[in-house]
Amino acid sequence: MTKAVELPWSLTPPFHLIKSSEEFAELSKEKVLEGHLFEPGILEPPNLHATMRIENVKFENVSFAKTELRRLRFSECKFRNCLFIGTTISECDFYHCHFSLCNFYKVRVFETRLDPRLISDCMDKKKHTNIALNLYSELRKSALQIENPEFSSEAGYQYKRWKRYHMAYKFRSGDLGKYEFTLRWMANFMLDYIVGYGWRIRRFALSTAVLLIFLTAWNYIFWCNLTGNDAIIGSPSVIKSLYYTVITITTLGYGDLTPATAWGMLSASGQTAIGVVWIGLLVSVIVRKILP
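Note that our numbering numbers the sequence shown so that position 282 is 1455, with each residue one more than the last.
In short, the hints are calculated from the structure, not lab data. Certain hints may be false.
Unchecked claim - Straight-line alpha carbon distances no greater than 27 Å define the calculated BS3-like cross-link-like pairs of lysine-lysine that follow:
#1 Lys1251 with Lys1279
#2 Lys1343 with Lys1333
#3 Lys1298 with Lys1333
#4 Lys1231 with Lys1192
#5 Lys1204 with Lys1231
#6 Lys1192 with Lys1239
#7 Lys1239 with Lys1204
#8 Lys1231 with Lys1333
#9 Lys1192 with Lys1204
#10 Lys1202 with Lys1300
#11 Lys1298 with Lys1279
#12 Lys1333 with Lys1413
#13 Lys1298 with Lys1202
#14 Lys1251 with Lys1202
#15 Lys1343 with Lys1251
#16 Lys1251 with Lys1299
#17 Lys1251 with Lys1239
#18 Lys1314 with Lys1333
#19 Lys1314 with Lys1351
Note that the structure is a prediction, hence the values are computed from the model and not measured.
Could you put the whole structure together from the sequences, leaning on the hints where they help?
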């Protein structure tokens, strides 16, 4: 997001009051709702066991603030400059909807199908980190309730990502020291781009491939410095370098290829330490993504 985002905190007048769920259902048939405030505390279908379906409606400058949305199904809807301040969203579904410049301050979400990617245009990384952290936390909790691992993973990833933006916000506000901010921000950044916090398998696979290529090339280039003049080990080759790299970073260490120089021992120790970290990240990926 390259430009600042200003979220609405109140409706732009003039606006019309919606005084019942039945009136809302009738107005939604017009396909465009602009300048409306839903007044009652609960928006739900009249029938206790039914679901209210709202399809292909554009909501502009509409407030659902301090309202409980219950058993609603929105399909192909667009929400712009809408207020969800203090809103409770329960047992709702949002299919192929889009949100832009909507305010989700202190929203609560229960058993609701809402793709976290739908709300990416609603918050500014410098101004609304607290709103984003609460929203993604609620979306992850809701996704776990309905057993949707895809939405749960996305919400968890975005929550960790916005934690980094929140660190920057706290640093600019003077609530976080420079040293602590630098360490925590760098750790968060590296976990994001190396392994995607355990929720991005492709990112972890790419990082693993780059690591293997780099260490294999390192061992191939410095083979003689690692092994000395050991005639049994022989001259370097790509296969032997790859094999040595794999058994070193996985800490297997079969013993058939061992460093024979001080430089080689130091290099092997460093690669082993990298391997321990890599195994820890692999476990994180398995726990978070494969076994959610």
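- Quickly compare the C-alpha distance for Lys1202 and Lys1300 to 27 Å and report which way the hint goes. violated, 36 Å
- Message: Run the distance test for Lys1314 versus Lys1351: straight-line Cα separation, threshold 27 Å.
- Response: Violated - the C-alpha atoms of Lys1351 and Lys1314 are around 33 Å apart, more than 27 Å.
- Query: Can the restraint linking Lys1333 and Lys1413 be considered satisfied, given a maximum Cα separation of 27 Å?
  - Reply: With a Cα-Cα distance of about 39 Å, the restraint between Lys1333 and Lys1413 is violated, given a limit of 27 Å.
- Query: Between Lys1251 and Lys1202, is the straight-line Cα distance small enough, at 27 Å or below?
  - Reply: holds, 14 Å
- Query: Is the straight-line distance between the alpha-carbon of Lys1251 and that of Lys1239 27 Å or less?
  - Reply: Holds - the C-alpha atoms of Lys1239 and Lys1251 are around 20 Å apart, at most 27 Å.
- Query: Is the straight-line distance between the alpha-carbon of Lys1192 and that of Lys1239 27 Å or less?
  - Reply: At roughly 14 Å apart (the allowed maximum being 27 Å), Lys1239 and Lys1192 satisfy the hint.
- Task: For the pair supplied as a hint, Lys1343 and Lys1333, confirm whether the alpha-carbon distance does not exceed 27 Å.
- Result: holds, 15 Å
- Straight-line alpha-carbon gap Lys1239 to Lys1204, limit 27 Å: holds, 24 Å
- Is Lys1231 within 27 Å of Lys1192, Cα to Cα? holds, 20 Å
- Query: Going straight from one Cα to the other, do Lys1298 and Lys1333 come out at no more than 27 Å?
  - Reply: Cα-Cα ~13 Å, so holds.
- Given the hint that Lys1298 pairs with Lys1202, does the C-alpha gap stay at or below 27 Å? violated, 36 Å
- Query: Holds or violated: Lys1251 with Lys1299, Cα cutoff 27 Å?
  - Reply: holds, 25 Å
In summary, the structure is inconsistent with hints 8, 10, 12, 13, 15 and 19 from the numbered list given earlier, while agreeing with the others.
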